[in-house]
Every structure is written in structure tokens, then in C-alpha cells.
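One-letter residues, chain by chain:
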Amino acid sequence: MASVPRYWRNIPSYYRLVGSKCRGCGRTWFPPRRCCPICYSRDLELIELPTEGVLEEFTIIRTPPSGFDYYTPYVVGIVKLRDGTRVLTQVVDCDVTELKPGTEVVATFRRVREDGDFGIVMYALKFRPKR
Amino acid sequence: MRTRVGVGIHGWGVYIPRYRIKVEEIARIWGYDVNYYVKSLMLKEKAVAGIDEDVATIAVEAAKNALKRASIEGSKVGAVYVGTESKPYAVKPTATIVAEAIGATPHVLAADIEFACKAGTEAFQICTGLVASGMVEYALAIGADTAQANPGDHLEFSAASGGAAYVLGPDDSRAVASIEGSVSYVTDTPDFWRRELSPYPKHAEAFTGDPAYFRHVVNAARELMSQLGLRASDFNYVVFHQPNGAFPLRAAAMLGIPKEKVLPGLLAPEIGNTYAASSLLGLAAVLDVAKPGERILVVSYGSGAGSDAISLIVKDGIEERKNLAPTVRDYVNDKTYIDYGLYARFRRIIRYVR
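Protein chains in written order, with this note's numbering: chain A, 1 to 131; chain B, 132 to 485.
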């Protein structure tokens, strides 16, 4: 069963790609971190990250966890955003057999999963090839 | 109805899913004569929401495009109204999802509006009133649907997915179109309905024509022209609700409007009937090509039944907004055809149980 509080807490990141920027070294992170893993600063601010980038690598999920069954096969990939932040995300609106690393992608608001027939519906930004 | 203080469109934006199914494919499955749909109803294909798309996702994408054209931040929006008959939740507003996704929360009016296919223009009128009253500076009116149709029903040939969003604000120098006036024509006419817990709507077949669509659309248009002292020839473009490609042209003929003024906003042949988004998508297609000074008539129709007729005058400054977001034509042309099997899966007509 999906955790409603966990989903709710993450809505800014899911809906608007809110990550964190380290005021110490300037690096950006997604999802947001409380402590910079490079310079160990705890002085980080929340920022909305760019919504365009390049697909670096990906895999195709054919045996999904519960709640994702109806969406298979789907692509989970690493997108390097324009500011260099890397985001683990789904890539949609593409032929999974023809997708290639290096594809320019743009964020799109999509349904991620639903908690059975009567539970909540979860949404988030995914990425799709730029056209 | 005219507001005491001027209200205008500051931004328009649309979203049309990229999947299409041809009417030939639907006719093949159910054994219907495709010629009736192609020739009599002027339907070629319809837009189908992808497997991870619904009204919330379509509304968010359209809203973001409208905000780009308005060139304002989501936090400036004081009201979000989503007109739809395909809410993802029976109870829980779609508008809160949209408001959160565009960064308009928490000080924002937000609600879903239901009036069959008229819900989008109903939201437009509510937002017009809110802006005119000064309660909010900018309001976002959205019409979006992933229209339901019983498999095998005639509606399945047209019921489509799409959305259109409008940022309304003061009729100042940043507005791209002035709202000149509007009227509503509403009666209790049960031509089409969906009962609670029913997955698909029912309709009264031929009754949906003369006593429903044409009566409301034509009377709303005539009343608006009467109130504003205008004639049909005063409008450069006319957009009607589009249950198919043929009805809007027949309504235009009844009002003495040449079809050349209707065709720029006529999308049903290529994307189907997007229900609450239909007339607002047509208006967006017109704004994509309209020039300053031109006058546009929009007439929606929602079963149950009613029509909103709205007159707009395009203003200077529209040209530089057109390219700030994808046009209707961009979305219409970006398409991938699917067969009935994939369509059934996308629309969750077939499901599996684990």
C-alpha cells in the first residue's frame, strides 16, 4: 500500500522538480538533500531545477513493483538537466526499442501509479523526448 | 452579460495527447459503416490520452503553456477552475493538483466545474467575474477531458482527450484579447448523462441534435449578438462546440455564417470531441492565427443542457505571444497511430487482475 504522507511530503519535488542547492560549493541535488555529500555543508536551499536535459542512460522495466503493473514496459533513466543536476526519472512518449542515450528530453506532468482501485493517484514529472 | 471593468485573455495554452485512432479502426472492430462517420459526421481520427495521462496531467500541461504565453509566474494566479467530466477522483479536486503543479498554492481559489462539455467555458465565465470584481488579478480557466464512451457506442468514434487553458486578467496593455461580452442559454434538457458509478454516459440519440445542441447554440449566439448590437458578419472567426465535424457547420449555416469563418477553429475531424475542452481548443486554434482587431465568437455546448456564447476582440501584442508555447497545430501534427487493442488498454477498457 502506498504511503500517503510520503507522497504528500514529496509533492514539490514530484510536481515542480524542486531540488536543493548547496550554498557552500554550489552543487545541486535531486531529490533535495539536507547535507551536501561533497562539502558536507548543511546550508542548502530549495530551488526549482531546469525542466530540460539529456538522457544519459536508461533501463526498461518489464517486471514492475506493485502499482506500476499497468504501465509496463516503461523506461527508467538518468537525465542530466541543463544545470548539470542528475535526475532519476521515467521517460515516456517514446518507442522503448528505439530510445538512445543522448536524446534531448523535456519534463512532462504524468500519472505515476495508483494505490489500487480506491487509493490515491500519484503524479510526478517524467521526461519525454523533445520534439 | 458585460463586466463593468474590462477583462482580457493574457495567455492561452493547450495540450493534446499524441496518440490517435482512426475511425476506420473503430468501425472495423464493431462492424459499422465507416462512411457514415467520415462523410456525414466529418470525423477522421481522434486523440487518445496515453496510459499515464488523465485530466490532471492534461490540465497541468495546458496551464503551463498558458502561463508561458501570459509570461507570469504561477504564484500570481489567484483562482484555478478546471471544467471537466472526467475527474480522476470522484471526490478530490483536480484543480488542487493543477494549482500545486504550477506553484499557485496556497492562496488560491480552486475547484472543479461540471457541466458536461460546457464546463470549460463555465470556468472561463467564473474567472471573468472574479477578475472583473477585483477579487483576483489573474485567474486560470481550464477545460480538459479524457472523454468516456461505451465501447461500441456511436460516441466512441468521437470521444477524445485534450485540454485548453486561459489566463484571464485585467484588460490592460498586456492582454491579448478583450472579452467583449457573453451570455448563457441554459435549460433542463436531458440529452446526455452519466449516472453516479456508471463508467460510461448514455444519450438520447437523435434528441441530441435539434432540441439540444442546435437550440442552445443558436439561441445563445443570437442573444449575444442582440445584446452587443452585432451581426454575424461582424465576426471574423466563429468557434462552436464540436461533437463532430458536421454540427458546427450546420449551426453556422443556421446563423448565416460562412464555413470559412468556422474552419480555422474546427478540430473535431482531426482530434475528435474533446468535450469540455472542445470549444476552448477551437478558440486557441483561432488565437494562434488571429490578427489584432479581429472579432471572435465562441459558443460552447454542454449536455443537460446549455451554451455559453462569448465575444472576444484580439488586441495588439498577440503576435509576440504566439510562439511562446506550442500551437494547437503543433500538437495536432505530433501524432502516433494506435490500433484498437492499444486504445482499449490506454482507455482501460481492458484490465488485468493480479
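Simulated from the structure, these hints should not be mistaken for laboratory data. Computed from a predicted structure; not experimentally measured. All residues carry an ideal CB built from backbone N, CA and C; glycine is no exception. Don't take each hint at face value.
Not everything, but these chain A residues come out facing chain B in the computed CB check (under 8 Å) [stated by the list, open to error]:
| hint | residue |
| --- | --- |
| 1 | C39 |
| 2 | R110 |
| 3 | V121 |
| 4 | M122 |
| 5 | R131 |
Okay, the hints, checked on the actual structure:
no.	hint	verdict
1	C39	violated (29 Å)
2	R110	holds (4 Å)
3	V121	holds (5 Å)
4	M122	violated (11 Å)
5	R131	holds (6 Å)
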